[in-house]
Structures are given as C-alpha cells and as structure tokens.
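Chain by chain, the residues:
Protein chains: 2
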Amino acid sequence: MELYQLRYFLAVAEYGNFTKAAQRSFISQPSLSQQILNLEEEFGQQLFHRLGRKAVLTEAGKILVNGAQRILSEADHTLAALKNDPLLGPEVHVGAIQTVAPFFIPAVLAYCSANDVRLRLHTHEDFRRTLIEEVYGGKLDWALVSMPLSEPRLQVEILYSEPLWLVVGASHPLAKAEKINFSVLRNETFILLGEASTLASQIQRYCGEADFEPRIDHRCGQLATVKKFAAMGLGISVLPQSARSATDPEGLVFRKFTEGSPSRDIALVRHPGRHLGQGAGLFAQIARAVVGPDSTRSRPPFPANPA
Amino acid sequence: MELYQLRYFLAVAEYGNFTKAAQRSFISQPSLSQQILNLEEEFGQQLFHRLGRKAVLTEAGKILVNGAQRILSEADHTLAALKNDPLLGPEVHVGAIQTVAPFFIPAVLAYCSANDVRLRLHTHEDFRRTLIEEVYGGKLDWALVSMPLSEPRLQVEILYSEPLWLVVGASHPLAKAEKINFSVLRNETFILLGEASTLASQIQRYCGEADFEPRIDHRCGQLATVKKFAAMGLGISVLPQSARSATDPEGLVFRKFTEGSPSRDIALVRHPGRHLGQGAGLFAQIARAVVGPDSTRSRPPFPANPA
DNA sequence: TATTATCCATCTGTTTTAGCTATGGAGTTA
DNA sequence: TAACTCCATAGCTAAAACAGATGGATAATA
Chain A
1 MELYQLRYFL AVAEYGNFTK AAQRSFISQP SLSQQILNLE EEFGQQLFHR LGRKAVLTEA
61 GKILVNGAQR ILSEADHTLA ALKNDPLLGP EVHVGAIQTV APFFIPAVLA YCSANDVRLR
121 LHTHEDFRRT LIEEVYGGKL DWALVSMPLS EPRLQVEILY SEPLWLVVGA SHPLAKAEKI
181 NFSVLRNETF ILLGEASTLA SQIQRYCGEA DFEPRIDHRC GQLATVKKFA AMGLGISVLP
241 QSARSATDPE GLVFRKFTEG SPSRDIALVR HPGRHLGQGA GLFAQIARAV VGPDSTRSRP
301 PFPANPA
Chain B
1 MELYQLRYFL AVAEYGNFTK AAQRSFISQP SLSQQILNLE EEFGQQLFHR LGRKAVLTEA
61 GKILVNGAQR ILSEADHTLA ALKNDPLLGP EVHVGAIQTV APFFIPAVLA YCSANDVRLR
121 LHTHEDFRRT LIEEVYGGKL DWALVSMPLS EPRLQVEILY SEPLWLVVGA SHPLAKAEKI
181 NFSVLRNETF ILLGEASTLA SQIQRYCGEA DFEPRIDHRC GQLATVKKFA AMGLGISVLP
241 QSARSATDPE GLVFRKFTEG SPSRDIALVR HPGRHLGQGA GLFAQIARAV VGPDSTRSRP
301 PFPANPA
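Chains as they are written, first to last, in the working numbering: chain A, 1 to 307; chain B, 1 to 307.
Simulated from the structure, these hints should not be mistaken for laboratory data.
There could be a bad hint or two in this list.
Identical chains blur together in the list; that is why a pair holds if it fits in one copy or across any two.
EDC-like, lysine to aspartate or glutamate: derived pairs with alpha carbons at most 16 Å apart [as the list claims (entries may be wrong)]:
| id | residue 1 | residue 2 |
| --- | --- | --- |
| 1 | Lys54 | Glu259 |
| 2 | Lys20 | Glu213 |
| 3 | Lys256 | Glu178 |
| 4 | Lys176 | Asp126 |
| 5 | Lys256 | Asp76 |
| 6 | Lys179 | Glu14 |
| 7 | Lys54 | Glu125 |
| 8 | Lys83 | Glu40 |
| 9 | Lys62 | Asp85 |
| 10 | Lys20 | Glu125 |
| 11 | Lys228 | Glu42 |
| 12 | Lys62 | Glu91 |
| 13 | Lys83 | Glu42 |
| 14 | Lys179 | Glu195 |
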C-alpha cells in the first residue's frame, strides 16, 4: 500500500468508473486497473464490484475509503506544515555562557521586536564545555562563547571584543585608586565564577602573566552572587564591561584598567555539518547587527547600561 | 512522498544513523540515503544535520517525524480494519418482496441465533422491479423475488416452490367449499396487492388460464391489509401458504386448492459482477439451509405458523 | 435483433526508479 | 599516521509503474 495507490483508489471511488478516474489521475486506464488489482491482492479483499456500467464499493472498499481519506489528509497536513511552519516561526537554538547570555540575548530580542523580525529563539545558558558538546551533538545552531577556543572542526566567527573591568565594593581602596592593572591585584582576595567558567580561567591567566597566583576565596555559580559578594567587600572580581547593570547591588564599583586593558573575544560557533536553516541564518545576521555597524568590533556592542 | 520513504525516514530518526537504519529497513545504505535525499529535495528542506558522528533532526525533520508517525499510524489502523472488520461483522444486503420478507428474513435470523452465526444482515423490502434495479446498481448482494424472471444477465437460483392458497373470510361460501380451483373464482371480488406486485400479476395469469378476467376491487399496499379485508368479507385473495401467521385477523381462512395446485417459485438473484463476499456467501448458505435439507425444495421451507 | 458504444482486464513493450555494489571523501578514533 | 566509521556518488540491475493495443462482456441505440 502506497500513497499514490490510495489516490488512484479514491478517484475510482469518487467517479465509480475506472476510465474517468484514470483520466483525472493523468494515467492510462490499464495502469490504474493494475494498481487497484495490486491493492486488492495485497488486502486479500475485493474493493469494487465490477458491474457492467459502474464500479461500486464493496464493504472492504468502504472501509478503505475512510482510511485512505484519513491517511491522505494527514499527508496533506504534514506537507503543509513543512511548507508553512518554517515560515511562520523560524527557529534557532542558541547557547551562551553565563557572562554573555544575560546581556546579549535581550539585545537580540530587542532588535527583533524593534525591527519586527519574527524569530523563535531558544536559549541555553551553560558552561562553555557543555555548549561545545551540544554543538557537536546537534542540539545547538550556535554557541556564544569566549575565545580562545581550540576546536578545529568547528566554524568560529569572532563577534566582538569587550574590555574586562575591575569590580570592587565602594569602600575598597581600589575603588578610587589611580593606577589599576593586574599587578596591583596580587594580594587581593578573588571572587570568581565556578571552575568551568572560561572567564575565571582567563582571569587566572592574566594573573599568571602578572606573575602571581590569585587567592580565590569564593567560587560562585552566577554573576549576581559575584557582584553581591564584591559589593559587600568580601573581595574583588573582574567582569566584562557589559556585565554592568542598573540592577547591580548598591556600592558596586566598576573600574576600567588603566594599564594592559584586558579584554576577551566573544565568538559565534557552529558545526559545519549542521544545516544552516532560516532561523539559524537570521540569528547570525541579527547578532552581527546588534554588535553594531562598527566593523572593527572592538567595543562593547550593546548598551552597557540597559536600564 | 510515499509511505516507504516515511518508514525509512523514521528509521533514521530513531537510530540517528543512516547505516543502522538501512540495516533495520533491510535495504542498502546508499538506497536509504537516496530516498532521504529525495524527500529533502521534494520538501525543499533538509531533514537531518549530517554531523560526523550522528544524524540529528532539523526543525523540518522534527515536523516530519510527527507527521510521518501520524500517517503511518493511520495506515496501520486502516490495514487492521481491512483485515479484522470483515471477520467481526460479515455484512450482506438482501432485498425481498413483500410476500417473502416477513417470513423468510425472520427464519434466517432465527437460524443465525440458533447456530451462533454472526451476520450483519441489512434488508430492503420493496417491489421486484426496484429490487432488480438495486441488484444492477450494486446496492444489493441478493434479491429474493418470485419467478418467472427474465433477466439473462443475472444469476438466478430457485430456492423453493411454495403453494398458493385461497384466502377468504370464515363466512364466505368458499370457506367450506369442497372443490377449490381457479374456475370457481370467476365471479368473486379480488383483493390484491399493488400493480407492481408479482404475486398479483401471477394471480391474474392464473385467472387468464381459467379463461376469465378477475374483478379487482381492492389494491392494497401491504399483506396485513389484504388479510383484514378478506376477513371482513370484502372479497377473496390468493396468498402463499407461508403468509399464514398466528397474528392473522379473526375469521381468516386459508384453503388449499383441490385442483391445479397453483404455486410460485422464489429465487435468489444476484449480479455476477458483484463480488461474493463473506457475508453474501454466508447468507446464501443459510438461505438454503433454512429452506431445508429437502433437495426437491417443493414445500414451504419454513414454519408455516411461526407462532 | 443487430449495431454501436462503453468499460474493464489482459498482453506486450517501454520507461522509470528503487535498489545494489563499488568507491571515495570527510571525519573520528587508535 | 593508519585504521575505522559514516554518508554521498557513480554505474549498473531488476522490479514495477506506465502506455498502447486488443478482446470479452455488458449496456445503449437503431
């Protein structure tokens, strides 16, 4: 039983006549007869009474009419869904690390609503390693992660570069220091994200370049906790400029580095084997647009203070 | 899009692997690949992300999974219905003339319940001409009509022959007459069924053979009216012996003809082009059994007095 | 009744296509 | 680097869908 056979069958059932049904099906009458006979042989049931003048459905034929209509109806719906659904809601699955997701994703959504772009955006905030695995596993169209990234099998496009700032409580001496570089952080207590955090690793790398091992007293699971601890004076941290928010706790101070200007690159990553669908392509375009027309892409791409 | 392609597609979706899906589908891997590519070309949509390790559904692929499952599910249900339904309820459409239906059909149903035969019997009581048209039109498996019948294109099997009896009211002279033949009816008033009735025509034929034209004062639409009128003494009638019933009106007398023994043959008629399904075959067997093991089939086949 | 028209099945040849084997490229693992 | 896995491509075979011609049976018409 195949769909084309069911279409032929319904044509005969409709016209009660093999010859006319064949014409309407754009095949010859013998071909249509043969397919009906094939169906009858497969079912072990005669489907039509061949009376002289017309073909009349048998009981089995009546059953098959209902079934065939339902089957073909489902097929039509499915076909329509395949044609229309991607147009109605181009979907994209995007993963982003904790220090990027809360700032970049809202900017993308704002761009969409401002420019009347319809995009069903699914996001997944997680550690870089998990996101990369999901890119390999086919669960994500894009991952927004920090560089450097040594995954030669993946396509990597650096979206922008953002400066890292010192974050301390207002009462901390460094809140008003003139000179800020990594060397002055040598004896400070660090508040960092978890060990899987790429930002934390990067900060430790900067410390290493400044020839010291940071003393890490606090490992936090989320940015808000880092900020709160810093505001309370439990230690210092280093965060991207874009992490600054109007909802930050009272007494939290962001200070630009006066030397060294540490920064990090954020890249858009995809698997080359993954089909670049409409939604995925759209997201990439919007991401580049949100980053700004500035082709150097060397400054914070979205409003540092969204409020 | 064809059903076999959808089966292949679902296999790939299930295993995430073209090679294994091909094995489970009992075809070679290139054949399966080709069919998936055909589907993708037809839809204008990629269905799988071909990542190195595994094949992962695209958004379009996910839509098709749902659709394909529904389509194939409908196909399975339809197939099951075609296999099971005819077994659960073998159906048959039978037409019978007015003088046969009220006696023969109950006998068939009684036989079914007595012998635990499951048969979905649809009956249609109507004039012979209408029944024959419906046999040609494919609406009936069988028609139970009286002979003679000149329809060379139909298959005719004489089921039984039943005597015709004189029917009069108890107060009528003929209720006690010694000699009863058609000649003594010459001056009687006849109560007959409508002009389309074959029994009425047959009675007129018998009258003609006895060399007189019957005086027909009453044309009735149904047997009960004929009996009632006869019981009231409005005239005489001639009915098959099997028409005798326990519920007949008071004072109705059935008299056997002492000469000539008029009778009529009842035949089972079918269209040779009509498929003889399980139900239709069953009905014919039962009809023959009800008529009785008596191969001569020359006597009333079912209880003359069902009560 | 004879004739013509209609309708479906069968026969035969053609074309399409599903399917197979062999192969190669890309990616993955050892 | 080498062995291995996975999918796509190429060339071929075989099955089957399809078309045209024909015939038998039935139905409409003269």
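Now for the hints, and whether the structure bears them out:
1. Lys54 / Glu259: Result: close neither inside a copy nor across copies, 94 Å intra and 48 Å inter.
2. Lys20 / Glu213: Result: close neither inside a copy nor across copies, 88 Å intra and 52 Å inter.
3. Lys256 / Glu178: within (10 Å within a copy, 135 Å between copies)
4. Lys176 / Asp126: Neither, since 34 Å and 109 Å both go past 16 Å.
5. Lys256 / Asp76: neither (61 Å within a copy, 68 Å between copies)
6. Lys179 / Glu14: neither (88 Å within a copy, 61 Å between copies)
7. Lys54 / Glu125: Cα proximity of Lys54 and Glu125: none, with 66 Å in one copy and 24 Å across.
8. Lys83 / Glu40: Result: close only across copies, 12 Å inter versus 34 Å intra.
9. Lys62 / Asp85: Close across copies (11 Å), not inside one copy (34 Å); limit 16 Å.
10. Lys20 / Glu125: neither (61 Å within a copy, 33 Å between copies)
11. Lys228 / Glu42: Result: close neither inside a copy nor across copies, 73 Å intra and 56 Å inter.
12. Lys62 / Glu91: Classified as between: cross-chain Cα gap 12 Å, same-chain 42 Å, threshold 16 Å.
13. Lys83 / Glu42: Classified as between; 11 Å across copies, 33 Å inside a copy.
14. Lys179 / Glu195: neither (29 Å within a copy, 121 Å between copies)
The earlier numbered hints that this structure contradicts are 1, 2, 4, 5, 6, 7, 10, 11, 14.
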